[in-house]
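Student: Residue numbers (this note's numbering), protein chains in the order written: chain A, 1 to 498; chain B, 1 to 461.
In case anyone wonders, no lab produced these hints; they're calculated from the structure.
Note that beta-carbon positions come from the ideal geometry of N, C-alpha and C, so glycine has one too.
Watch out, some of these pointers could steer you wrong.
Claimed, not checked - Which stretches of chain A does chain B cover? Using the computed rule of at least three CB atoms under 8 Å from a CB of chain B, they are:
id	segment
1	30-39
2	64-76
3	257-269
Unchecked claim - Lysine to aspartate or glutamate pairs mimicking EDC-like chemistry, simulated, CA-CA at most 20 Å apart:
id	chain 1	residue 1	chain 2	residue 2
4	B	K436	B	E285
5	B	K52	B	E32
6	A	K72	B	E320
7	A	K134	A	D122
8	A	K387	A	E128
9	B	K239	B	E449
10	A	K72	B	D310
11	A	K384	A	E128
12	B	K121	B	E266
13	B	K239	B	E291
14	A	K384	A	E412
15	B	K52	A	D265
16	B	K121	B	E291
17	A	K72	B	D219
18	B	K52	A	D266
19	A	K72	B	E313
20	A	K204	A	D174
21	B	K436	B	D281
22	A	K72	B	D330
23	A	K384	A	E408
24	A	K204	A	E5
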Amino acid sequence: MAQLELVDVSLRDGNQSLWGATGLRTAHVAQIAPVLNRVGFRALDFSSSTAMGVSVRTHQENPWDLLRLTRKAMPDTRLQFIGTGFRFISWERAHPEVMELVYTSLVNAGMDRFVVLDPTHDMDAVRETARIIKRAGGTGAEVIAALTYTVSAAHDDAFYAGIAAQYAACPDIDRAYVKDPAGILTPERARTLLPAVLGALNGKPLELHAHASLGLSPLTCLVAAGLGVRVLQVGCGALGNGTSLPDAEKLVANLRADGHTVDVDDRLLAAVARYFDSVAEAEGLPAGQPREYDAAFMHHQVAGGVMTTLRRQLSELGMEYRFGEVMEEVGRVRAELGYPIMVTPFPQMVIGQALANVLSAHSPNEAARYDQVPDQVIRYVLGKFGKPTMPVEPSVLDRILSRPRALELAAEPPPLSVSELRHRFGERTGDEELLLRFGMPGGEVDGMVAAAPPVTHYNPDLQPVLRLLRELAGRRPAAELTVDKPGFRLSVRGGQRD
Amino acid sequence: MSGRHGFRRVLVANRGEIAARVIRTCRRLGIETVLTVSDADAGSVPARLADKVAAIGPPPAAASYLDVDAVVGAAVAAGADAVHPGYGFLSENARLARACAAAGIVFIGPTPETLEASGDKLAAREHAVAAGLPVLPGGHVAGPEQGVELAGRIGFPVLVKAAGGGGGRGLRVVRDPGELGQAVAVASAEAEAAFGDGRVYLERYVSPARHVEVQLLGDGQRVVHLGTRDCSVQRRYQKLIEEAPAPLLADGLRGRLHAAAVALGEHLRYRGAGTVEFLVDPEREEFYFLEVNARIQVEHPVTEAITGLDLVEEQIAIAEGRPLRVRQQDVAFDGHAIECRINAEDPRRDFLPSPGTITGAVFPAGAEVRVDTHVQAGATVPPHYDSLLAKVIARGADRGEALATLRGALDRCAVDGVVTNLEMHRGLLADAEFGKGGVDTGYLGRFLESVAYVQENHGSA
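If we strip away everything but chain A, and leave its shape as in the complex, we get (with noise of 0.2 Å):
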């Protein structure tokens, strides 16, 4: 029996799987992160450039300060920064340079643990991003990189097995752990896919991130727990089960079950739990749910997150009712793009592709598909992201390549470098907007450095009776008001103020 340890996700895949990256606010993360670094979290996935970018343009939020404020208040707990070491917010790829004054930024903003996942699994490229980071946060940064996991003739267990071999060579990187982004690594293929990895590994500890999508990981996690696991990735309360992580609660107290031993604060992590639960509540987000098995999901594999990203996009096209048809067209489309894992950037990638082949099909007639292809595709295929695990489909290839825009985009130029950054941006701008302007549409981060520093405490309980107050602010003067039901009668009468 084992000593196991939690990563908690809840921050960041949770936040991002279930909330669409959007639900959270550094009002919501900065009340509840003191009480995190009690738990005994091993580590937090706590951001990511997507949810940096959402805190500029959704919340008008300095992301780098919540960065700050979390690292002041969670002194003893690794917070981790996921991204794929070639572009920064933007899907444009960046200047190696430009990564470098990214992570450098990072680590003096506090974060130090960080993923390394190269979608394609080029091991040039991780190898590289590893170095980098280690360049920027010395000893104190821990490396992870990432085994994606995905169902394909291509991927089986001595391909993951050789690229764990990579990892254990490589000194930049201190441990790996499997991600399961779509939650489709069933018990079965774990017993023989973990020990394979773990062999390869040499020492290096394995951590197991699977996603909750199809209600398989609370059992693989058991099952990985036995076989070598140690450190377990999990969401808490609302932000755990459904398309994010398994359910911390439940998952710790299956392992006690199962005699292993888990080092945490149950009073805190059930107070974490709970407070999550009344953030969805308050907010009117949806609560994670223990989901069921759905054999269909295995033709599209797209994670949480960036389901729910397609479902909200249709739902603003007034489309919901389309979203079948853009899944089996995701199916399709994945194919013909030689079945890239469906990480980031990918998914958005074939999900926007699968889109806009079904709007542009006014019949379903075949010759609209590929009319309207969107840039990240297109360098895709020119092999601008690194080179796809399997060929394209040639007439797919040959119709995405004839377009005018294909030669342009191949004719592109390098991306900028840092001194040319500075050059557009203004030599006086400080690094952490310089990478913001950089990544995002100026008038978003005007908009950041224009609005009221955040505020950074939060009552989930005290918002309905804001959210009264507020409407009651915003009607017409009424000479009376009255809440009246069983056992509870309030009452507000207008007059002069004396």
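Given chain A, work out where chain B should sit, using these hints.
Tutor: Using the frame of chain A, we list chain B on its own:
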């Protein structure tokens, strides 16, 4: 290998608003609280806020809140990792700190050695001198002739004090050198008669004087200051209004106060939150060490309001063995804050305490207003303890703004069932002299006379 960090459970060994205040921070940090209560406080608001309560004795403080064995026993029984003593009661008691250590419990405060060094006024003065701080010039005198010689060196006016005296007896101010011999002789005779100790002590008489203090945080290695507070509005050493930063201090003087406090903190290898109090001579722009308060102060919220720090959180972090989390260059002062202490006492009857039952309590809420209190309608104000009901704190971009916000906040305060000093506070905040800022320690007495509180007192008592 343990994944958990820091205290899990803290015993709060206090009552009143500071108990509620400490519990609030513990709750925010996810620390469980156990509150000690006397029989008089079993139903108090803090008792309901705490996760658990531990009854430690009957109402008189000597039999409960001042009982070291009862407090340590409660901490052990509760399985507490640490004890937060608040202010007053046992907060500066070295015996409690030692008993905690012996029981394997962390005392959230300075070391016993620091408590002893700061608790004894003469020892504290010696440490201050050793650290290079100015103390009031003075010394013992054997007789009238030596007195004249010493007074000549100190400079007039001087204060003639009975060395063994207290409570203001045997104190006289001498402004004219020709009167000194007589004054020393009389003081000595009086002191002999009153205390059986005829020794007389001379020190420089500073008037007008201001009471300015500097907040410190230390981790035993490093010390930072969190700026000044002015507590000159006081009556018989009982502070009623405090503000941060101290207004109308020359920048050089303010800097020297900061440096002196840090020097003493470093000399003491200070660990925890503490305050160095100074007497400031605004005319000569000089200052003198008064004492060290080795605990959280009642008036700490004004410092919190302008630094954005939670001092109780910092106390806990230090007690958990963490190095200071703020460097001096991280401490930024933003705006001005003023606090009024709302007490259950009657300014018209010589501040006679007014215990009883609160029948109604309304406190203001709003931006830049903070109220630290433990009372609500139905709460009792027991006669056994101090009469502080609430602290109303307002912050503003500058002193004028803070003052305006505080006036508005006090206008929205109402406490019924007991007599309070609310009306006096409203008068003080409306007073032109206080409005200008930088009042001296004699101000409150003059103000009370000017609004005829004193005369009414004589007339009606």
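Student: Against this structure, judge whether each hint is valid.
Tutor: Structure-based check of each hint:
no. : hint             : verdict
1   : 30-39            : holds (count 6)
2   : 64-76            : holds (count 3)
3   : 257-269          : holds (count 5)
4   : B:K436 to B:E285 : holds, 18 Å
5   : B:K52 to B:E32   : holds, 8 Å
6   : A:K72 to B:E320  : holds, 15 Å
7   : A:K134 to A:D122 : holds, 19 Å
8   : A:K387 to A:E128 : holds, 16 Å
9   : B:K239 to B:E449 : holds, 18 Å
10  : A:K72 to B:D310  : holds, 12 Å
11  : A:K384 to A:E128 : holds, 16 Å
12  : B:K121 to B:E266 : holds, 19 Å
13  : B:K239 to B:E291 : holds, 15 Å
14  : A:K384 to A:E412 : holds, 10 Å
15  : B:K52 to A:D265  : holds, 18 Å
16  : B:K121 to B:E291 : holds, 7 Å
17  : A:K72 to B:D219  : holds, 17 Å
18  : B:K52 to A:D266  : holds, 18 Å
19  : A:K72 to B:E313  : holds, 12 Å
20  : A:K204 to A:D174 : holds, 7 Å
21  : B:K436 to B:D281 : holds, 18 Å
22  : A:K72 to B:D330  : holds, 12 Å
23  : A:K384 to A:E408 : holds, 13 Å
24  : A:K204 to A:E5   : holds, 15 Å
The structure shown violates none of the earlier numbered hints.
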